[in-house]
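Peer 1: These are the residues of each chain, in order.
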Amino acid sequence: MLAAVFNGEGQHRSESHVRSVLEQVYREHRQGLFTLALTITRCPYRAEDAVQEAMVRLWQSSELPRDPLPYVFAAVRNAAIDQMRRTAARRWQESASIYEGMPAAAGPTTGGGPEDPAAAAISAEQHARLRRAVDALPQPEREVVVMRIYGDLKFEQIAEALDEPLPTVASRYRRALDTLGRRIKAVMEAPHE
Amino acid sequence: MNSHHEIENLLRRMPLVKPSADLDARVMEVFAGGAADSGAAGAETRRADTPEARSADLWGRARTKRAWLVGALGGALAAAAAVALVVGLPPNTTNVTPGTAPAVAPANVATNSTPPAGPAAQVKPVRLEQNWSEVSDEGIVLPDPQTPLRAFRHRTVNRVQFFDPQRNIRMETTVPHEEVIFVKASMQ
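Residue numbers (our numbering), protein chains in the order written: chain W, 3 to 195; chain G, 335 to 522.
Please note that a few of the clues may not be correct.
Just the calculated beta-carbon pair ranges, DEER-fashion [what the hints assert, rightly or not]:
#1 G:Asn343 / W:Gln62: 37 to 47 Å
#2 G:Ser354 / W:Ala130: 22 to 32 Å
#3 G:Arg501 / W:Ala138: 44 to 54 Å
#4 W:Asp165 / G:Thr490: 52 to 62 Å
#5 G:Asn343 / W:Lys156: 13 to 23 Å
#6 G:Glu463 / W:Gln62: 51 to 61 Å
#7 G:Ala366 / W:Glu30: 13 to 23 Å
#8 G:Val509 / W:Pro67: 53 to 63 Å
#9 G:Asp358 / W:Ile83: 54 to 64 Å
#10 W:Ala130 / G:Ala366: 12 to 22 Å
Non-contacting residues of chain W with respect to chain G, defined by C-beta distances greater than 10 Å in every case (computed) [claimed, not checked]:
#11 Ser16
#12 Glu25
#13 Glu50
#14 Pro67
#15 Arg68
#16 Asp69
#17 Ala76
#18 Glu143
#19 Thr170
To spell it out: a stretch of chain W is covered by chain G in this simulated footprint if at least three of its residues, at any positions, have a beta carbon under 8 Å from a beta carbon of chain G; those stretches are [said to hold, decoys possible]:
#20 36 to 46
#21 144 to 158
If you're looking for bench data, these hints aren't it; they were derived computationally from the structure. Ideal Cβ positions, reconstructed from N, Cα and C, are used throughout, including at glycine.
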């Protein structure tokens, strides 16, 4: 766990220490970091660039706070926003979803799935509807959902990463789930196959 | 109806787009130490792998560079114009109107203006500086009976005008100054 590399001090200035912390954060949260970047850039290539750029910046900063998770997520988010600014003049909009295309068959999936494989079944209709619903969320809400669901961040960490008050983040998350619930209501009520 | 827990579970079951193995290599290269620059270079290479990314980059970078260039040129021109207005241009107007002078009687009007050098000078910004000064005798004062002093009141007004006929911009500053000078007087 990340706690293993903390020495209890507020800052970590040792180069090797920073490297080990960053490596560990990256290994454990690679998918979440990438998904957050993809949520913002909507382009997998730029999302990867943003993740790499954030790691370069963090590596160059040679300093990490005691809890590096929000810091790293914030760095990836900033790098992704920078990516978007750099290409703001483009004439077309990227629209890549954070989700894979239609699954070939119902069954366990690889998105950090549940413990019970039987419950992992997700129909094509559910998939399509959820995908559309998440993609249609406002970006601030989508970011919170991604950090919470796919980054496994606590609300306090999300608030720190976004530099927003905790109640704002929590209400944003609730609002996003309410919206998703309304949009997929029919599918949720349908019996599972 | 749908609890948040259900929706969260459903979201967790969604198959996510996965980062490529290439990203791992690039990030590990960063962590390898001293690879920050090569990492950034790797990002450039990676972006160029896709036609749409390459096209977007070229367009975006060109626009960004153009924007910076235009901004820098505009800033430089504005700065040059400001410096030329304040420092570089010779005063070249004859439109001095003593009637607009302040109420102080103009005992000495010094105008350092010169006529325009030619047709081109007519469209250049002009700078006009005027100085009025007056000295009046305030009489003898005796701060102490042994040392009589004569007081002179010296008033000056400095007025500077800028006028850009092309843009019809006029600026004017007027600085009045007044001082009393005491000179030792001899009593006979």
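Peer 1: Hints first: check each against the structure and report whether it holds.
Peer 2: Here's how the hints hold up against the structure:
1. G:Asn343 / W:Gln62: 37 to 47 Å: 39 Å, holds
2. G:Ser354 / W:Ala130: 22 to 32 Å: 25 Å, holds
3. G:Arg501 / W:Ala138: 44 to 54 Å: 50 Å, holds
4. W:Asp165 / G:Thr490: 52 to 62 Å: 57 Å, holds
5. G:Asn343 / W:Lys156: 13 to 23 Å: Taking Cβ atoms as reference, G:Asn343 and W:Lys156 lie about 18 Å apart, which means the hint holds.
6. G:Glu463 / W:Gln62: 51 to 61 Å: 54 Å, holds
7. G:Ala366 / W:Glu30: 13 to 23 Å: Holds, since G:Ala366 and W:Glu30 (Cβ atoms, about 19 Å apart) stay within the stated range.
8. G:Val509 / W:Pro67: 53 to 63 Å: The hinted range 53 to 63 Å holds for G:Val509 and W:Pro67, with Cβ atoms some 55 Å apart.
9. G:Asp358 / W:Ile83: 54 to 64 Å: Violated: the Cβ-Cβ distance is about 23 Å, outside 54 to 64 Å.
10. W:Ala130 / G:Ala366: 12 to 22 Å: 42 Å, violated
11. Ser16: 13 Å, holds
12. Glu25: At roughly 5 Å from the nearest Cβ of chain G, W:Glu25 sits no farther out than 10 Å, so the non-interface label is violated.
13. Glu50: W:Glu50 is in fact no farther than 10 Å from some Cβ atom of chain G, at 5 Å.
14. Pro67: At about 19 Å from chain G, W:Pro67 clears the 10 Å cut-off, so the statement holds.
15. Arg68: Holds, since 20 Å exceeds 10 Å.
16. Asp69: 20 Å, holds
17. Ala76: 17 Å, holds
18. Glu143: 13 Å, holds
19. Thr170: 17 Å, holds
20. 36 to 46: It holds, with 5 qualifying residues against the three required.
21. 144 to 158: n = 3 at 8 Å, threshold three: holds.
Consistency with the previously given hints fails for numbers 9, 10, 12 and 13, ordered from lowest to highest.
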